[in-house]
Amino acid sequence: MASPGEDSEREPLLGDYPSGSREWDIIETEEHYKSRWRSIRILYLTMFLSSVGFSIVIMSIWPYLQKIDQTADASFLGWVIASFSIGQMVASPIFGLWSNHRPRKEPLVISIFISVAANCLYAYVHVPASHNKYYMLAARGLVGFGAGNVAVVRSYIAGATSLQERTSSMANTSTCQALGFILGPVFQTCFALIGEKGVTWDMIKLQIDMYTAPALLNAFVGVLNIILIITVLREHRVDDSGRQCKNINFEEARIDEVQDSQGNIDQVAVVATNVLFFVVLFIFALFETILAPLTMDMYAWTQEQAVLYNGIILAALGVEAVVIFMGVKLLSKKIGERAILLGGLIVVWVGFFILLPWGSQFPKIQWEDLHNNSIPDTTFGEIMIGFWKSAREYHNERPVGCPVEQAWCLYTPVIHLAQFFTSAVLVGIGYPACNVMSYTLYSKILGPKPQGVYMGWLTASGSGARILGPVFISHVYTYLGPRWAFSLVCVIILLTITLLGAVYKRLIAFSVRCGRIQE
1 MASPGEDSER
11 EPLLGDYPSG
21 SREWDIIETE
31 EHYKSRWRSI
41 RILYLTMFLS
51 SVGFSIVIMS
61 IWPYLQKIDQ
71 TADASFLGWV
81 IASFSIGQMV
91 ASPIFGLWSN
101 HRPRKEPLVI
111 SIFISVAANC
121 LYAYVHVPAS
131 HNKYYMLAAR
141 GLVGFGAGNV
151 AVVRSYIAGA
161 TSLQERTSSM
171 ANTSTCQALG
181 FILGPVFQTC
191 FALIGEKGVT
201 WDMIKLQIDM
211 YTAPALLNAF
221 VGVLNIILII
231 TVLREHRVDD
241 SGRQCKNINF
251 EEARIDEVQD
261 SQGNIDQVAV
271 VATNVLFFVV
281 LFIFALFETI
291 LAPLTMDMYA
301 WTQEQAVLYN
311 GIILAALGVE
321 AVVIFMGVKL
331 LSKKIGERAI
341 LLGGLIVVWV
351 GFFILLPWGS
361 QFPKIQWEDL
371 HNNSIPDTTF
381 GEIMIGFWKS
391 AREYHNERPV
401 GCPVEQAWCL
411 YTPVIHLAQF
421 FTSAVLVGIG
431 YPACNVMSYT
441 LYSKILGPKP
451 QGVYMGWLTA
461 SGSGARILGP
471 VFISHVYTYL
481 GPRWAFSLVC
491 VIILLTITLL
501 GAVYKRLIAF
511 SVRCGRIQE
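Just so it is clear: in the sequence shown, position 88 is 88 by this note's numbering, and no numbers are missing.
Hints should not be assumed to be uniformly reliable.
Below, computed lysine-lysine pairings styled on DSBU-like, alpha-carbon distance capped at 35 Å [unchecked claim]:
hint, residue 1, residue 2
1, LYS67, LYS197
2, LYS205, LYS505
3, LYS105, LYS34
4, LYS333, LYS67
5, LYS334, LYS505
6, LYS34, LYS364
7, LYS329, LYS105
8, LYS449, LYS329
Across the chosen pairs, the derived CB separations fall in these ranges [as the list claims (entries may be wrong)]:
hint, residue 1, residue 2, range
9, ILE335, VAL491, 39 to 49 Å
10, ALA339, LEU480, 33 to 43 Å
11, CYS514, ILE335, 49 to 59 Å
12, LEU480, ARG234, 48 to 58 Å
Everything labelled a hint here was simulated from the structure, so no lab data went into it.
Here a beta-carbon is modelled for each residue, glycine too, at the ideal position from N, C-alpha and C.
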């Protein structure tokens, strides 16, 4: 047992350890405690690297795609972007099932190895003589497939933490994920200094430039991640009270432990939480998608202004999300996870309600019959082109404003900047709170049963939301305008709040529902 002077050494990173508690001296040894938190922190790193793998190349995909294959168009760009989420959606249940029956090291190492190989493929897609765009599509899809290990990460953390530690650990995991999304584009910007030509290693036909260097860095840190998992990660499992127990996906687990963990899971709560999580990610995905076309149509921003200003806005929202993730760890101890989830949904609803157009002032109309890449005419890819167009392509002044081809521009009032910024702040508050509370409640509802498959389905639902959200908002916004688009979003959120109210009392921890511990 640890002495009082050792308490500070035992406290885990980012405040995971419940301060003042001496119960752990009885139910867990110092050695086991340190090993358990070392393993959890390795998975924090894995989550961070997984999100960096998505975001570090996102700003350069379009120019790289144009460089390697002139036949690639906006429609194909949409598929390249979506392939990551599709791959993750397919892989998550597979890796989750694998982790239920085998040591978690196996799916983690294999999934990261797939990501490493996929990033190497991405760096070589320029080599084939033809069909280069399909090699890029396969590379991004395989990177997403490797990112399906998110289900294993969250399953491990859920099984290796007590109820008291769970919210804090899930918040830390989401924080690492958010930091990865924030820092990925920053790393990409640094690699832009290499330039388009870069250097070439003729012997192995490797070209290191501003497009391939981020992928190669991903591959390198992936190898380091594999080494850390093999050498540091250990299989740990504690029950909801924090008592050490054997992993039930090992044959040597005691029969009574296995039977004890096989209680009846509240499937209604499980399905409801999946739906809630889907809507949360659906809403944020469509919000990210609509930023560029909305600001260009409403405020007559140029392509360059939209890329710069919206990039700053998204970065600020990322920083805000990190603050919220840290804050909900403390707030959840006072009011509980369900109340924070409900409050987050209400805040998001208010954010979109504020975005509804009001008043008698109308946006500037773009009368010229020119193609505007900010308008999502048919595909998600056409929306996103503006984010990848290099500024040097726009030396000549281009028409700005709301294009007359969108009939609603003639009768829909402008959304004022104050509305827009207020909405962005509110969505930036509500989304991270809902995100981490959904994961936390879900893991507690599942209880001590292996959570790999269930976490796989939750991750898959989130991946599906990131695919469908942009498709939904692009079509509704283009043909019906922001008033209909944001009204429908408000209706969706209200229905989600109604669902949460209907199942509110069922969203409780497995051990609490079974009467083993008090809430």
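Hints the structure fails to honour: Hints 2, 4, 6, 9, 11 contradicted; others consistent.
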